[in-house]
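These are the residues of each chain, in order.
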Amino acid sequence: MSFTNGNGRRNEAGPRLWADGLTLGYADGEVVHAVDLVIPDGKVTAIIGANACGKSTLLRGLARLLAPRRGVAYLDGKAIHTMRTQQVARELGMLPQSPGAPDGITVRDLVARGRYPHQGLFRQWTRADEEAVEAALGATDTAALADRRVQDLSGGQRQRVWVAMALAQDTDLLLLDEPTSYLDISHQIELLDLLADLNRERGKTIVAVLHDLNLACRYAHRVVAMKDGRIYAEGEPDEVVTPENVREVFGLECEVIPDPLTGTPMVVPRGRHAPARSAV
Amino acid sequence: MDEIRTSGARALALPRPAFAIARPRLRRAALVTGALGAVTAALFLATLSVGSAYIPLPDVLRSLSGVGSNPGLDFLVLDLQLPVALSAVLAGGAFGLAGAIFQRLLQNPLAAPDLIGISYGASAAAVFAILILNLTGLAISGAALIGALAGAGLIYALAWRGGISGYRLILIGIGVSQFLLGVVLYLTARAELHDAREAMHWLVGSAGRADWTEMYVLAGGLCLLVPVAWALMRSLRALELGDDAARALGARVETVRLGLIAVGVTLVALATAVAGPLSFVGLVAWPVARRLLGSGEGGVLAVSFVGAIIVLTADLISQQLLPVALPTGVVTGAVGAPYLLWLLATMNRGGIRG
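Sequence order for the protein chains is A and B.
The first sequence begins at 1 in this note's numbering and counts up by one.
The second sequence begins at 1001 in this note's numbering and counts up by one.
Read the hints as simulated data drawn from the structure, not as lab findings.
Where is the CB? At the ideal position from N, CA and C, for every residue including glycine.
Check each hint, because a few of them may be wrong.
Here are the computed distance ranges between Cβ atoms for each label pair [as the list claims (entries may be wrong)]:
no. : chain 1 : residue 1 : chain 2 : residue 2 : range
1   : A       : Y232      : B       : T1346     : 46 to 52 Å
2   : B       : G1220     : A       : A52       : 51 to 57 Å
3   : A       : R90       : B       : S1065     : 47 to 53 Å
4   : A       : A79       : B       : L1026     : 34 to 40 Å
5   : A       : G138      : B       : L1322     : 41 to 47 Å
6   : B       : M1347     : A       : R90       : 35 to 41 Å
7   : A       : D147      : B       : S1165     : 39 to 45 Å
Modelling step: build the complete structure from the supplied sequences, incorporating the hints.
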């Protein structure tokens, strides 16, 4: 794979973010093995897979949070690990799995911290920062919460606030690690609708690690299924989410039927305790 | 299509003149800092005025400016009281700032330099220098600096598990403190009575025993370290969200953390050399400053002023209000210990993460 042009500038024909033989690991071993992956621009990509398959690690590697052992993640044709961290942060936002909010911090203050990469020692706060914060609060429907303390919010509100912080960072690329965890079903839908809006209305490229296969199929243009630190299958939802792939990736027997609303694949697990009922 | 996408995505950040606009919070920070500075200045002058003998304020100002003063008053103001007032401001400021650095970095109100063992590193080395090496003056400062750095290095190394967790660092710091306290007690126990008294006096901490050389070193250190702290503490706004989130926001996590620890440790060491450990100043200053500021913004100068105010007040209380003049450190301890108890009693109710 080669999307770089000789002078290291962004190749208009190629994608902005891609991985070439990306191998990642921690002190106790290798977790992601030589992954080649292209993140399509302006699309929503969902990464799925069983627990501990390397989804989050891959996302961290793509976002420059983890240095590769081998291989390279490219952003705009440049190896992301040779770029200045602030420069990356102006192009690519990443919401980690469980970020911590300091005690007593207000929603507005937290969201304002998303402007950090756009500030400098002597360029502390500008009207553009103020507007980006207001826009992020508006887009996530959290403007009414702006002066509340983050610790007093419900889980769903808090997750929206974190997304608002990532939005205030104002990057075209947005990576989210399990943004729907700890949310009930209505808040999951609400959050994914928000991401879909950002993708459609602002053209943002979104990559999210998701647990719920049906929601992943519904909201993502592209699904990447990982198994044991490798990409097992990738493509459009109905190419990837098949009974065979679900069996291989999750070790689960299931039926895949079309979602009655969207027509996207819907996984119906078999399980051992699901006796067939007569149709109503 | 690509054009539309790009322009749409960038609509949030239209190029605009990069002038700063005053937000209410920033205005409040400026106001609070100014007020704290004024209180510090007032207490500073009060210390000069009522210190050893009552000297009217106009005479104090005349002595300070050197215009039309008389030698007798000059001696009282410049030679007796000025070192006390200056060392209270400098050491108080340094302890306050160091406390804010550690508490914000480790995100724990218990992470004061005197609780996590850094002050004890300085103390043990200084006592060793006084009692065993018979050093004086600047050499004690040097020993305190080395001791503080060594103590901090030891705590950091013991607490490191592929990263630093605030709680582990604090617990290990407490353990190291106890070990170093043992060293201090052993050294004083086997010293001559006179030397041991001197060492104990040093260990309690007092604004009244400063040496000009040590004070110059601390003043120079503050001039250098306050701007560095200011520059690095900007990144705490990102670091406080956790390492991954901070990196995603473009903060250089390791550089900032190590830099801030180095600044904090150096501040503690230099201040300890001037005024002794002065317990609890670093513990109390930041919570007070943060309450006044109302948010995490600004704060480097504000917290330094709060530290200075605490030590100036403690010194005034110990010299003027108490029947027997006590070392400043006794008064700061008497105020700080109940705060620590209150903190421990309420902490785990307030949902502070462990």
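The hints, checked one at a time:
Between Y232 of chain A and T1346 of chain B, the C-beta spacing of about 51 Å keeps the proposed range 46 to 52 Å intact. A hinted range of 51 to 57 Å holds for the C-beta pair G1220 of chain B and A52 of chain A, which are about 53 Å apart. At about 52 Å, the CB distance of R90 of chain A to S1065 of chain B agrees with the hint of 47 to 53 Å. For the hinted restraint 34 to 40 Å between A79 of chain A and L1026 of chain B, the CB-CB distance of approximately 38 Å keeps it satisfied.
For G138 of chain A and L1322 of chain B, the hinted distance range of 41 to 47 Å is not satisfied, since their beta carbons lie about 58 Å from each other. Separation of M1347 of chain B from R90 of chain A is about 38 Å and conforms to the stated range, judged on CB atoms against 35 to 41 Å. Checked against the hint of 39 to 45 Å, the pair D147 of chain A and S1165 of chain B fails, with Cβ atoms roughly 31 Å apart.
Violated hints, listed in ascending order, are 5 and 7; each of the other numbered hints is respected by the structure.
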